[in-house]
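Undergrad: Each chain, letter by letter, is given below.
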Amino acid sequence: MASQATSRIRNFSIIAHIDHGKSTLADRLLELTGTVSARDLTEQMLDTMDLERERGITIKAQAVRMTYQAKDGQTYEFNLIDTPGHVDFAYEVSRALAACEGALLVVDASQGIEAQTLANVYKALELGLEIVPVVNKIDLPQADPELVREEIARVIGIPAERSILASARTGEGVDRILEAVVTALPAPGGDPEAPLQALIFDCKYDAYRGVVVYVRVVEGRLQPGTQIRMMASQGTFTVDEVGIFRPAMVAVGELTAGEVGYLIASIRNVRDSKVGDTITEVFRPTKEPLPGYRQVSPMVWAGLFPVDGDDYPGLKEALDRLQLNDAALTFEPETSAALGFGFRCGFLGLLHMEIVQERLEREFQLNLITTAPSVAYRVTLRNGQAVEIDNPDQLPEVGLIETIAEPRVKLEIVLPREHLGGIMELCQDRRGEFVQLEYQPPGERALLTYDLPLGEIIHDFYDQLKSRSRGYASMDYQLTGYRAEQLVKLDVLVAGAKVDALSIIVHRQQSSNQGRKLVQRLREVIPRQLFEVAIQAAIGGKVIARETVPALRKDVLAKCYGGDITRKRKLLEKQREGKQRMKRVGSVEIPQEAFMAVLSLDR
Amino acid sequence: MARNLYLHIPFCDTRCPYCDFAIHIGGDHLHQAYVEAVIRELEFLAAGGRPEDGLDTVYLGGGTPGLLAPSLLEQLLAAVVQRFGIAQGAEITIEANPTGLTEELARTWLDLGINRLSLGVQSLDDRALRWLGRNHDSETAAAALDAAIRAGLENISCDLIYAVPVQPTSVFATGLQRLLGSSPQHVSCYELTVEPATPLARSVAKRLVSAPRERDFLEQHRLAREILEQAGLRQYEVSNYARPGHESRHNLSYWQGRHYLAAGCGAHGFVDLAAAGGLRLPIDVGAVGVRYWNLRSAATYVKQVDALGHGRKGHEAIDCAQAELERLACGLRLRTGVELNVPGQLKQAERLAQLGLLTIAGQRVVATPRGFEVLDRLTLELVSGEPVRALA
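Protein sequence lines correspond, in order, to chains A and B. For this note's numbering, count along the first sequence from 1 and bump the result up by 1108. For this note's numbering, count along the second sequence from 1 and bump the result up by 86.
By construction, these hints were calculated from the structure, which means they are not laboratory data. Even for Gly, the Cβ is constructed at its ideal location relative to N, Cα and C. There could be a bad hint or two in this list.
Covered by chain A, according to a simulated footprint, are these stretches of chain B (three or more residues, beta-carbon under 8 Å) [stated by the list, open to error]: (1) 283-295; (2) 350-356; (3) 408-420.
Using the sequences and the accompanying hints, generate a full structural model.
TA: See the structure below:
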């Protein structure tokens, strides 16, 4: 029950598919509430990283407090929590949603609801959030707002007339959205006098101030000087400062039940401030932590190696720095016979991996080789011992293995029904087991559910899904468990030597096909060398496929006369730069693409 | 002190579509002014020092220096003698095209002290010559060569271009045999390269003509080596063949990393630090020498020499690492090979020797015929045996 103090607070987030206009709507809300003047408004205000703006994605959650003068004459305090939208960050999204009482569901008037949006809406409904649907982009010529309204009514059960028609771009309908936040979304409950109970929904590392913890106070109050305990990670700290986001950080005297803001407490490591953890007071603790916390663990692993071995310390330092701000990133030293010293890194998913890789190269000027991503396998040995491996090369000898189990996921795909055939074929090819198919009348869209191995999804599944549905299909998945399968390790030999970093684990039935495709692909990406290079795929020492990169035939500038030796030298220097982007494995130079070749096998 | 001098004479009757040298079409009226400018630049270059025993080589390259009137050549060479002196037994080369080369003209050159001719034969197939845009045919080429021999020139080099798309290997071979019938002392065999921004590059891009094929390159390169070596012309550099004692001393000075002076538009010189001071070139700490290059346009060159006394456009201080890369890149082009000084290089060399690309004798490595075909990569492989940082 909302108390007097909290009755004029509204905490909400925006659920939307990529490109459906979330960031534009957030910009518009900031502008109309006067939080940010139109003059200071940069596009996609809440996506602060360059990468976020470039790729149109949100990686870190953001919060902003707005003040809104409603038609009822009262002034309300809005806290908008912007969440990452990608499936890799599903847990972070669920915690950000848990910090809210309501959500705006933004759907593109010409596209309809996408799979990931749906997954997030279900998550919000499970958490008891009130949903206000917004049909956005109604100014576009191909918009069909009524159809989308009906779809929302059918799929989520919110009457069509409650969906607000709007265009964040032109500003149409945005006033109605603001009013709906006041009237349709509940105020938070909570008792300021109860023992402290605050939810961590994100944090960031600030070089000067340490960790800035994003919190939603559920019960009690947070003030400078409060001695706090993180209930899951067990750390205790003294609060130095509490404040709110406008959107810059502004210190306040206290944060009380129902409010959203930040705290700073000389926390050195983001690992001490785990997303989903509950903060309470050391001397007057709450009995129960808030529900829903779980330890975030990586889903995919890949090796990162510096092309130039001298960059190894630099890579370590860069990973340390990134980890300050990214609790989901894990890494430990790895040594590859082929690639030398590097790190085995764990990521939430492929996007997370790409982001980390890109930031390492961009922000730290590192030249890296990334190996193909792998999932973690659970191996049971004949002697009963169980081991988990996240690197195919670590697979014990075949003779010792009783079973190999791989992680499986429940995969949900939303797609236009005309693409159903192609997508089902894709799922079957990827060893998927059909679970169910639901049509959403009037029969335009299908919700397809499959049970399939996670390992199949991380290898070029998403791109295939997009290309087979002309971009219309969207997906979401959750880990469901492990299952033993007929899995084998496929090794790759280049010029007769096994390249450990190229090993992959595949299903026995697909092994010869995959092996053949892999060596074909490698032949395309490995440049000609001074000698003929054999590329072989082998299982347990038995070669199952072979290709040959013919020797370089000619590479000489026949003309080198006149005194312009400078030009000749510069040509060589340029060629050398190209060579330096490759990794020498034995006597063969292998470019980065080769290590990712397994990702683009046309199956 | 540089004992080699390159003089660039840019004048040509026509532009060959594959050529990317600094040339000037026509412009007979410019000849006198141009030669005077080069003479002034020689005066400027003399400030860098005068070799004790005079120059060992003088190379009149182009363009087509053979187009210059003998009187202008005489003035030019007189200036060279005045400023630098010419050593006993020096090699003095002139480049010329077959068109207009008579026995009488060749004799005049001999009288001027020119003792080596580099003749732009390019091909002895009329179809190939037309494709190359040359203004001579095979008969003219053969006649010019014979005229030069009759005139008494005893050191003649012929330039040939191979991998011309319209010239099959058999035709190339026949032409080469025919050329050998006249027993030239030296043959330069260059593959046709499509240089950027040439008319040929534009034609290839527009698919008006086909690009040279890799298969032809290798086939004709190998065939040329076989035929020429059999005829007693040794491959002393990737593209150059000579009877023993007739190797181009001037070109060897480039490949062996020696210093050389240069005058004329588009010319490149390489001088030691002592000379660089005299030539008003900045001296970088740690540099082992300075390379400079002149303006490419003949007309602009003449104007700048008039104003500043030299035609320089740019320069580059060569540091140890750059010098080392050049030493390897050029040295490996030679039959005599190159000495390796870095342990890492020797280790790489052993690997490359196992691949049949090099032979090693002590510290010295020599590319095998197969090694010559992939020489650029070979050079980079050798260099990669050194710490990269030292070279970056």
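Undergrad: Taking 8 Å as the C-beta cutoff, is the stated coverage of the region 408-420 of chain B by chain A satisfied by three or more residues?
TA: With 6 residues in contact (Cβ-Cβ under 8 Å with chain A), the coverage given for the region 408-420 of chain B holds.
Undergrad: Closer than 8 Å Cβ to Cβ for three or more residues is the test here. Does the region 283-295 of chain B pass it with chain A?
TA: violated (count 0)
Undergrad: Under 8 Å between beta-carbons, do enough residues of the region 350-356 of chain B, three at least, approach chain A for the coverage claim to hold?
TA: holds (count 4)
Hint violations for this structure: number 1 only, all remaining hints satisfied.
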